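J.: Let the hints inform the model, and build the full structure from the sequences given.
Residue numbers (my numbering), protein chains in the order written: chain D, 2 to 246; chain S, 2 to 246; chain E, 2 to 246; chain X, 2 to 246; chain F, 2 to 246; chain R, 2 to 246.
If you're looking for bench data, these hints aren't it; they were derived computationally from the structure. Please read these numbers as outputs of a predicted model, since none were measured by experiment. One thing to keep in mind: the hints can contain errors.
The list cannot tell twin chains apart, which means a pair is met if one copy fits it or any two copies do.
Claimed, not checked - Below 27 Å or equal to it, Euclidean Cα-Cα: the simulated DSSO-like pairs (lysine-lysine) are:
| hint | residue 1 | residue 2 |
| --- | --- | --- |
| 1 | Lys143 | Lys97 |
| 2 | Lys11 | Lys143 |
| 3 | Lys67 | Lys97 |
| 4 | Lys97 | Lys68 |
| 5 | Lys143 | Lys67 |
6 protein chains.
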Amino acid sequence: MKPTPNTQHKTGPLLAFGAHPDDVEFGCGGVVARETHGGRPAHLVICSRGDSGTRGTPAQRVAEGKKSAALLGASVEFIQLDGDAKLEVRAAHTMKLAGIIRRVRPAIVLAPTLVENQHPDHARLGQLVRDACRLARYGGMKELRRAPPWAVEQLMYYAVTPEAEPVNVTPVFIDVSAPEILAAWTAAMEAHGSQAATRNYVELQLVRARLRGLRAGIGHAMALFPNDPLVLESLAQAGRGARQF
Amino acid sequence: MKPTPNTQHKTGPLLAFGAHPDDVEFGCGGVVARETHGGRPAHLVICSRGDSGTRGTPAQRVAEGKKSAALLGASVEFIQLDGDAKLEVRAAHTMKLAGIIRRVRPAIVLAPTLVENQHPDHARLGQLVRDACRLARYGGMKELRRAPPWAVEQLMYYAVTPEAEPVNVTPVFIDVSAPEILAAWTAAMEAHGSQAATRNYVELQLVRARLRGLRAGIGHAMALFPNDPLVLESLAQAGRGARQF
Amino acid sequence: MKPTPNTQHKTGPLLAFGAHPDDVEFGCGGVVARETHGGRPAHLVICSRGDSGTRGTPAQRVAEGKKSAALLGASVEFIQLDGDAKLEVRAAHTMKLAGIIRRVRPAIVLAPTLVENQHPDHARLGQLVRDACRLARYGGMKELRRAPPWAVEQLMYYAVTPEAEPVNVTPVFIDVSAPEILAAWTAAMEAHGSQAATRNYVELQLVRARLRGLRAGIGHAMALFPNDPLVLESLAQAGRGARQF
Amino acid sequence: MKPTPNTQHKTGPLLAFGAHPDDVEFGCGGVVARETHGGRPAHLVICSRGDSGTRGTPAQRVAEGKKSAALLGASVEFIQLDGDAKLEVRAAHTMKLAGIIRRVRPAIVLAPTLVENQHPDHARLGQLVRDACRLARYGGMKELRRAPPWAVEQLMYYAVTPEAEPVNVTPVFIDVSAPEILAAWTAAMEAHGSQAATRNYVELQLVRARLRGLRAGIGHAMALFPNDPLVLESLAQAGRGARQF
Amino acid sequence: MKPTPNTQHKTGPLLAFGAHPDDVEFGCGGVVARETHGGRPAHLVICSRGDSGTRGTPAQRVAEGKKSAALLGASVEFIQLDGDAKLEVRAAHTMKLAGIIRRVRPAIVLAPTLVENQHPDHARLGQLVRDACRLARYGGMKELRRAPPWAVEQLMYYAVTPEAEPVNVTPVFIDVSAPEILAAWTAAMEAHGSQAATRNYVELQLVRARLRGLRAGIGHAMALFPNDPLVLESLAQAGRGARQF
Amino acid sequence: MKPTPNTQHKTGPLLAFGAHPDDVEFGCGGVVARETHGGRPAHLVICSRGDSGTRGTPAQRVAEGKKSAALLGASVEFIQLDGDAKLEVRAAHTMKLAGIIRRVRPAIVLAPTLVENQHPDHARLGQLVRDACRLARYGGMKELRRAPPWAVEQLMYYAVTPEAEPVNVTPVFIDVSAPEILAAWTAAMEAHGSQAATRNYVELQLVRARLRGLRAGIGHAMALFPNDPLVLESLAQAGRGARQF
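T.: Okay, here's the thing in structure tokens:
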């Protein structure tokens with residue numbers, strides 16, 4: 002019988018995947034800021050340069066992504082899969098993402114939710130990341146032999162828009178109401194000037210977080226949707242339930 | 002804006018409700034043992050004397066309940082609602098349970114799940130407890146004015162049998178594999194000698210916990226089903242995800 | 002074969018039930034205002050005087066309820082069922098509500114959603130109203146013979162809080178962003194001075210409506226959850242789908 | 002803040018996609034007839050020539066499809082994706098369908114439901130169409146630059162068979178019981194002589210529509226499943242609820 | 002370890018509960034006829050005399066119920082709970098039904114589904130019967146001591162209308178297309194002359210059964226919704242899956 | 002009108018698909034043993050050689066698979082799709098599997114469940130097999146013309162791990178507690194020496210089956226999840242419901 006799980010998840014790196022240059026910021030930027038402010042390293046992997054969006058050139062968008070990652074206290078890299086709005090679910094992509102997971106060795110991975118009624122790249126990236134987390138720990142994968150197997154401790158999903166929130170998963174709410182967290186997150190969203198200017202996107206996200214905060218009796222909160230039940234050493238770890246009204 | 006939630010839930014009392022003298026032991030006894038071994042006070046409220054069961058007199062069953070509570074390190078009281086197998090959802094019962102919540106002032110409340118396809122008393126008690134947690138914090142309840150309002154931090158449900166596990170709630174798994182916890186829990190179940198002897202009940206529960214433990218890569222684990230999203234200060238609190246195969 | 006349904010629903014009265022003096026205002030006040038501004042008569046039936054709330058005397062709360070109904074352009078009556086926080090699902094209550102439906106002869110009925118994880122009176126009132134809509138049209142009910150049977154055209158539910166929104170029903174969004182509607186609704190909520198002052202309730206509702214408005218590409222919108230599929234004469238009636246991002 | 006949505010959906014074209022030559026007719030033919038009889042232009046896009054079916058040559062089936070579209074008052078075109086029973090979810094297909102949407106500029110799009118337990122081409126075409134509706138309105142898609150972006154007002158799904166009806170979406174029922182509509186629809190189904198003769202298909206569809214009509218208290222009705230909540234200007238638009246028994 | 006379950010369910014009595022004099026006939030009459038034609042005894046328990054319906058006096062309806070039971074080859078008794086349209090979920094009712102179960106000692110019990118959006122008596126009777134099946138086998142119930150405990154082998158639900166069909170339970174389809182079965186069932190429905198004449202009810206049920214038959218490739222079929230997984234000795238027992246198109 | 006379905010399913014071959022050399026054994030090995038002991042022929046099709054697993058060479062794993070199939074009394078073949086951990090949903094694979102179905106002409110097909118949160122090959126193989134069962138019976142498929150169309154009588158899914166069990170399908174439980182069945186199944190699992198040694202896999206499966214057996218009041222049972230409603234000639238076929246506590 003194995004010993005009780007270790008506590009690597011308490012300080013190990015956070016790895017967040019985004020389909021487009023601003024998805025992480027809009028979908029879970031407050032959480033990333035909360036973790037980096039608490040001392041956890043964070044790395045973002047952006048899987049397109051957003052070249053199909055209505056506004057912003059690829060170069061602009063990459064520059065915005067780099068600026069905003071810095072504001073969140075995270076490192077960032079851009080990779081190319083099938084291109085913006087063209088992502089397909091392919092084993093080769095899973096393998097590529099699994100290789101990144103082995104390299105970064107994260108405790109926690111964040112990815113877009115699997116809800117299909119959203120930008121098609123989002124749900125597909127979510128699927129690829131979920132599968133990549135499994136493949137990363139299988140010992141016999143020839144394609145991945147450059148780095149040793151790695152088992153992440155948590156895979157959680159973020160919803161870029163309200164429609165993308167799964168209804169049959171109980172979320173966890175992360176408190177992002179500390180002023181410095183809220184400021185960093187807002188600045189990171191606003192760094193995507195080509196997107197944010199025209200689309201009420203920043204307001205949408207702040208309103209969502211305020212609504213969750215009001216439910217929980219705090220300032221602002223963001224929801225994450227765990228892929229698996231949480232294993233807790235005791236109820237002391239379970240936190241408080243969100244209900245105020 | 003309110004400050005971040007306090008940490009009363011880390012050490013405050015646990016209050017577990019059971020419809021019959023052995024429900025808490027069979028449904029979440031390992032969790033109660035885990036918490037009392039960690040220093041948290043626990044109190045059990047049993048809402049019938051089990052007088053409709055196939056075996057055991059009410060007096061026997063109360064004696065068994067007291068013995069088993071002691072083995073779990075918990076105090077216990079027996080109350081009378083409508084009688085075993087006769088529980089109805091009535092406002093007067095809710096009020097009675099809310100009064101107990103105000104008196105005990107628990108951080109965490111446990112109750113049977115709301116899944117209806119189980120012993121009818123179980124789901125109904127779950128409903129009564131859920132509603133009682135709300136009423137306990139409303140300031141204007143005349144019936145409750147003997148004690149000041151009290152807001153519990155967490156309400157979680159336990160499933161007495163596998164059929165009683167809700168399918169659209171993400172559970173948390175509590176590690177109960179430490180030898181002293183497992184021993185206390187098993188002894189508490191076996192203390193219900195009138196029930197356990199004939200019904201494979203102890204095996205059922207140990208097998209369930211072992212199956213969850215195998216999933217999570219530990220020895221034994223018990224599932225609890227939160228009534229509300231968990232509010233976490235950061236991901237360091239979120240623990241590990243349960244997935245081993 | 003019957004002719005195509007008539008259009009009574011286009012102008013017939015709206016009847017909204019609330020469990021407490023402020024539920025209608027907070028849960029669907031914008032919709033009521035929208036309808037009365039369009040010329041539809043509206044009547045509110047409040048099923049307690051809110052005497053168990055933390056703040057406000059029953060007399061105060063009734064006065065607030067009357068003032069706020071007037072601000073919404075609706076008439077209002079207060080009835081007594083089991084009292085605030087004590088509502089039970091009883092046939093006699095259903096009968097009472099069915100009698101009101103026969104008297105008011107509404108085209109559209111609004112009631113709190115059936116989601117159980119909210120104030121217990123809300124979901125129970127929702128159940129009673131749903132059943133009352135059926136009983137109102139059964140010809141043989143002796144208890145109801147004072148008035149002829151009446152079949153409502155639509156039964157829709159409103160969610161007082163976000164947790165009360167059902168997840169497996171597709172809502173309709175009602176546009177409440179016209180300035181006069183928004184002003185009337187806000188004033189009606191603020192009329193409940195005993196409640197609103199301390200609990201962020203007005204902000205919660207405006208934030209919810211703004212979030213829905215942002216999704217739909219308009220200012221503010223409120224969701225209603227239909228009890229039955231909508232029968233449309235053609236797709237011209239179906240409106241626009243809500244999706245902006 | 003944008004003005005209230007315009008009413009383009011009231012008269013703009015209907016665009017219906019089918020995986021095989023008879024899917025639109027059997028799955029939503031009555032609705033197409035209802036709309037064209039009301040003066041709305043309708044265009045059908047058929048994505049295979051049905052060459053894997055048990056009966057009928059591709060040439061026969063195309064001829065049948067043309068005849069039946071004419072009976073519905075719609076124009077029709079046949080495109081080739083991967084071939085009958087071989088459809089895959091590929092970005093290139095999405096792009097192709099998005100190009101058609103930009104060209105046709107429909108108010109309303111109909112596609113097969115996303116329920117997977119049906120002919121594999123159906124659910125996959127549903128996914129492709131859903132994604133195509135999004136891509137059609139993104140400004141930066143190089144592949145689509147031949148035509149300006151276009152945002153459809155409604156995307157709704159039709160179920161070719163009862164098993165294909167999604168269970169967690171509230172449908173809208175469209176009244177198709179006017180004699181001329183019912184006759185046009187029946188004739189359109191019967192135009193697929195190679196299919197209908199042997200498979201009780203026409204009866205299946207008429208029975209389904211009669212069952213829905215009986216529920217709604219009218220003659221015959223067909224269900225459509227909206228992709229998004231309906232945004233209504235007021236409840237006058239919401240129609241009547243379907244419930245007769 | 003117990004031996005493999007016996008085969009009492011193959012020939013033991015069928016006990017069907019109905020809330021009103023015609024519910025069994027309309028909701029599962031074809032199944033009752035199928036079983037009695039195969040030699041299984043069947044007994045119907047009707048829990049009101051239908052005195053709140055729009056048409057038919059209680060005496061008429063009881064007479065119709067007796068005639069129709071005879072046509073189905075079943076015995077019938079009428080009991081009184083709270084009266085038509087007034088049924089409440091009370092422990093005393095459960096006890097009464099459990100007493101009947103102990104007296105009749107059925108292998109199979111049929112009851113209306115638990116779906117709440119139907120006539121309120123239907124879902125409530127379903128709950129009472131489900132609970133009664135449990136209580137019937139508990140040895141310690143003083144109220145039931147007149148007869149020894151009895152464990153039914155199967156509890157299945159029938160849906161009086163399409164809206165009453167649960168969506169998350171896999172039904173079994175019973176073939177009722179043999180001419181003598183179909184004739185007996187139709188005659189039994191038509192025996193409720195006070196109801197059937199005005200309400201398209203007979204057509205509704207035949208259309209539903211024909212739709213299921215078309216799906217399954219047979220004439221007519223009725224769906225039953227099992228309360229628990231079926232325990233099969235081997236796959237030879239599992240029958241055929243329903244899918245024809 | 003067709004005659005009542007024949008009874009080919011009672012003795013016709015069982016065809017079970019597995020993604021990896023040990024999936025059938027761990028996921029439904031007891032059922033395969035039960036059927037072969039009852040005289041039904043069984044054939045296994047394994048779609049990779051398990052070359053990405055942490056332990057065991059492809060040659061070893063194929064040898065283990067052959068040995069274990071023999072222990073189950075089944076024949077076995079290995080086919081190559083995209084390779085272990087690289088399976089994609091492609092029409093060409095569906096066609097290949099449909100060709101096997103036409104060749105084997107099974108009454109019953111078993112495949113991994115469609116739940117996505119498991120090894121990615123499992124859910125994808127489940128999808129491919131489901132689609133292949135349809136294509137196998139379409140008469141016009143040129144790619145399949147080597148063998149005549151074939152319609153399977155039942156498609157059921159097995160869950161390799163507890164997480165893979167679908168929550169909205171009612172399973173059937175197959176009794177596998179006869180000593181010779183249990184022994185054959187255990188031996189077949191243990192034949193996968195390269196996998197079983199290190200991973201508690203055998204215990205996991207036996208514990209799952211014992212838990213189901215305890216629920217059903219028998220020794221051990223395995224769950225299968227039907228793709229379609231079961232069509233039964235009468236309730237005599239429906240077996241017993243699983244509920245013991």
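J.: Confirm or reject each hint.
T.: Hints, one by one, checked against the model:
no. : hint           : verdict
1   : Lys143 / Lys97 : both (12 Å within a copy, 26 Å between copies)
2   : Lys11 / Lys143 : neither (31 Å within a copy, 44 Å between copies)
3   : Lys67 / Lys97  : within (21 Å within a copy, 33 Å between copies)
4   : Lys97 / Lys68  : within (25 Å within a copy, 35 Å between copies)
5   : Lys143 / Lys67 : between (33 Å within a copy, 24 Å between copies)
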